[in-house]
Amino acid sequence: MRDWALRVENLSKWYGSVVACEDVSLEVGPGEALGIIGESGSGKSTVLRCVAGDVVASSGSVQVRDGAGAVCDLLELTPSQRRHLRVSALSILYQDPSEGLDLNITAGGNIAERLTAAGCRNFAALRSRARELLGRMDVDLGRMDDPVYSFSGGMRQRVQLAKAVANNPSVLLLDEPTTGLDASVAAGVLDLIRGVLEESRVTALVVSHDVSVVSILARRVIVMHQGRVVETGLTDQLLEDPQHPYSQQLVAASRG
Amino acid sequence: MSVEELAEAGATEQFAFLDESSKREIRRALLTAVAVPGYQVPFASREMPVARGWGSGGLQITLAIIGAKDVLKVIDQGDDGGVNAVNLRRLIVSTTGVSWTTDVRDATIVQTRHRVPEEPMRADQILVLQVPVPEPLRGVERDMRELARMHAEADYSRMWVSLYEDLVRNGVITQTTGYPVLVNGRYVLATTPVPRWDVPHFDGSEVLFLFGAGREKRVYAIPPHTRAEPLTFEDVEFQVERTEGAACALCGAPEAYLIEVPGRQAWVCSDTDWCERNRAAPRAARSEAELTETARSQNRA
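Those sequence lines, one after another, are chains A and B. Residues in the first sequence are numbered from 5 upward in steps of one, following the working numbering. Residues in the second sequence are numbered from 15 upward in steps of one, following the working numbering.
Just chain A, same shape as in the assembly (with noise of 0.2 Å):
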């Protein structure tokens, strides 16, 4: 195969005797977005969360490669290596932006919690960046010096990126980004996640119960039923001739 920048390898999780994902295999190019779509329940969170570090895999490897070839194995590092790790090399967007966010301090300031962590100590360094990030997302930048909990849930999920994006993450995993956002909202927040995948060229794995977010965001797809992959494409062809019975249910689905 190609160039790989993202890599996991027989990746399990069990609760107990309860399989949330078995023998997950997937690589995503540098650059590249890989969509995993499947119901509730069918473990694509769960393998997202494990490549986040947020859950602690049962077994497998998950590897990341960065520009210079040095690949580092995620499941190995120790939890103050992942968080390092997450401050700027591996940032995740959750479909719950409190779990992002802290709701209490301003939408500056949470974007300031991501450019401190990394080292920034310059006042003016950290309003123009916030600013900046904050428009690029078209949050109203009067609001700027607002706490987040007085923000809407489109607005939340914009600021969300805003941070996760902060310090140029090379791999960025979206974990439902616009599940529980009014359709309208959505496609704006849809449209904002496009253009951040296309301009900073970020690698990014796309996790969603929806085929038509995932056709949008992501060229390659993964299909994952009961906690397996149960087919791999492109995501223009498995829409349009999926192979496995599930995928098929799934994408008739999708077309009601």
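Derived from the structure by calculation, the hints contain no laboratory data. For each residue, glycine too, the CB sits at the ideal point set by N, CA and C. Please note: incorrect hints may appear among the correct ones.
What the hints assert, rightly or not - Label-pair restraints from in silico Cβ distances: (1) A:S216 to B:R229: 54 to 62 Å; (2) B:G199 to A:E13: 36 to 44 Å; (3) A:Y19 to B:E255: 55 to 63 Å.
To be verified - Negatives, chain B to chain A, calculated, CB over 12 Å: (4) Y53; (5) A82; (6) V100; (7) T116; (8) Q189; (9) V282.
Assemble the complex: chain A is given as a structure, and chain B must be docked to it using the hints.
Chain B only, in chain A's frame:
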């Protein structure tokens, strides 16, 4: 035997009130604190005859390190005559028989609440601070395990965010007492409860600073010649409190930490010992010899 007699017998039997193993335990914690500057060392805070929160931590440190030849000074809000200072001094002096002074230059151990003496202290002295809240991150995190993790990984980004938010909301950093300092480039420490005015004293000082929090059962230290930089953004200067044109109504000193006299447009020095000495020998009229002596002692440093 009456209760009074029993109390008296108990009080006179033990030098410095605490039993020897308790004092040793505190000294061991202090050695760790000095070895790892800024790290909060847990210790078995004893029940003291003062309520926790009234200086029991500083008191236990002083009692653990004091010897018969030490000369003691105790201050509260810069004042040797404060009720709390007098009570603590009385307890320490009556259980040790040490002599005491109000002149910081004569003291070997100074126990304090709220202030660092204006007079630069020397290498042969120790300053013991009574600490109400030892945890600098308490304002941003309440979970003890998370706090321990943040210190362990030197993950202070949320502290920086609180400074950022303060600047955004108020245009200036408003934190007055307990300003956070980064000690030896590693641990963030609360300089509680001294005002910002005193914070520069902690950096590269001659004197050993010992902090004791009795209620929270923690001791920590800033050893001599150790960096203690106040947390501040590169482009936002750390500032101490200052009122334009204010000077002490008693001694005329402008370059001291001043407190406002209630009801009048007047200020006085918070450090009473410093103020008295200024009045006895106004700084402008100080003899050449004394100034040379000060310069020489600074050169020795």
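Non-interface claim for A82 of chain B versus chain A (Cβ beyond 12 Å): holds, 47 Å
No chain A beta carbon within 12 Å of T116 of chain B's: holds, 42 Å
Distance restraint hint 55 to 63 Å, applied to the beta-carbon atoms of Y19 of chain A and E255 of chain B: holds, 56 Å
Range hint compliance [Cβ, G199 of chain B to E13 of chain A, 36 to 44 Å]: holds, 40 Å
Consistency of the no-contact label for Q189 of chain B, given chain A and a CB cut of 12 Å: holds, 15 Å
Status of V282 of chain B, Cβ more than 12 Å from any chain A Cβ: Correct as stated: the minimum Cβ-Cβ distance to chain A is 35 Å, above 12 Å.
Distal placement of V100 of chain B relative to chain A, Cβ over 12 Å: holds, 43 Å
Minimum Cβ-Cβ distance from Y53 of chain B to chain A exceeds 12 Å: Given a closest Cβ separation of 17 Å, the condition holds.
Range hint 54 to 62 Å (beta carbons of S216 of chain A and R229 of chain B) holds or violated: With a Cβ separation near 58 Å, S216 of chain A and R229 of chain B satisfy 54 to 62 Å, so the hint holds.
Of the numbered hints stated above, none is contradicted by the structure.
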